[in-house]
Amino acid sequence: MAQSPFLNDPREQLARHIAAAVASPINEVRAMHIRAAEHLSELAKENCLPARSGKTKTAKDA
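In terms of numbering that gives the first Met the number 0, the sequence shown opens at residue 0 and continues consecutively.
Everything labelled a hint here was simulated from the structure, so no lab data went into it.
These numbers were taken from a predicted model, which means no experiment stands behind them.
You may find that some hints are simply not true.
Derived Cβ-Cβ restraints for the label pairs, each shown as a range [to be verified]:
| hint | residue 1 | residue 2 | range |
| --- | --- | --- | --- |
| 1 | 47 | 24 | 12 to 22 Å |
| 2 | 19 | 44 | 15 to 25 Å |
| 3 | 49 | 15 | 29 to 39 Å |
| 4 | 24 | 46 | 28 to 38 Å |
| 5 | 25 | 47 | 13 to 23 Å |
| 6 | 24 | 49 | 12 to 22 Å |
Idealized CB from N, CA, C, for every residue including glycine.
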């Protein structure tokens, strides 16, 4: 997987915002997390970062 040029990988932040949106019972809070996730998704796309597959790297992948 390509190394992220960011200190805080936007793909990891995206996953956290999606989890928070799903867990929130308050629509306004859910919408805030969805907007943040969309922004982070655009950041990752603009910087040509591949999508996270959710798989961990194995020795043969390296």
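Results for each hint:
1. 47 x 24: 12 to 22 Å: Hint violated: Cβ distance 36 Å, outside 12 to 22 Å.
2. 19 x 44: 15 to 25 Å: holds, 21 Å
3. 49 x 15: 29 to 39 Å: At 19 Å between Cβs, range violated.
4. 24 x 46: 28 to 38 Å: With a Cβ separation near 33 Å, residue 24 and residue 46 satisfy 28 to 38 Å, so the hint holds.
5. 25 x 47: 13 to 23 Å: violated, 35 Å
6. 24 x 49: 12 to 22 Å: Hint violated: Cβ distance 33 Å, outside 12 to 22 Å.
In the structure shown, a violation is registered for the earlier hints numbered 1, 3, 5 and 6, in ascending order.
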